[in-house]
Amino acid sequence: MQPRLIIVNQSTGNAAALSVYDIIALTPTTQSSLQAACLTHSQPSQQTAHIISLSLTVPRLPFRLKHTLVRTALKNGAVFEICYKGALGGEDERRNWWTAARELVR
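One gets the working numbering by counting positions in the sequence shown from 1 and adding 1026 to each.
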C-alpha cells in the first residue's frame, strides 16, 4: 500500500477524517498553533502529527521557536520539515531562510 500524505490546518482536524492517512503534516502559523502542534498533536494518537512543516520564505517567522517546544515534539516522534524555497530566492530571502533554519537546528 502506498503511503498517503495530507497537509491539514490544525483548526480543521478531525480524527475520523485523519485516520485514513498514513502521514499527517501540520504547518503552524501562530505561536499558539506551534505550541499545539509540538505539545498536543505530536503525542501518539490517531491525530498525531508526524511532520511539523515550517515555511521559512516569510521575512520573519510569525512565532518564536522555543527550544522546549521543539525538544518535546522531537521526543514525541515528530520531525520538522523546512521548505527550501526561500534558500533559492533573492539575497534577503536567503539570509532570512538561513537564519531561521539555523535557529531550528540549534
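Everything labelled a hint here was simulated from the structure, so no lab data went into it.
Take the hints with a grain of salt, since some may be wrong.
[Claimed, not checked] Computed beta-carbon distance windows for the label pairs: (1) R1097 x T1125: 18 to 26 angstroms; (2) I1049 x K1111: 14 to 22 angstroms; (3) D1048 x G1115: 29 to 37 angstroms; (4) T1125 x V1046: 19 to 27 angstroms; (5) L1114 x L1065: 31 to 39 angstroms; (6) V1105 x V1046: 27 to 35 angstroms; (7) V1046 x R1121: 36 to 44 angstroms; (8) L1091 x L1114: 29 to 37 angstroms.
Ideal Cβ placement from N, Cα and C applies to all residues, glycine included.
Where does the structure disagree with the numbered hints, that is, which hint numbers, in rising order? 4, 6, 8
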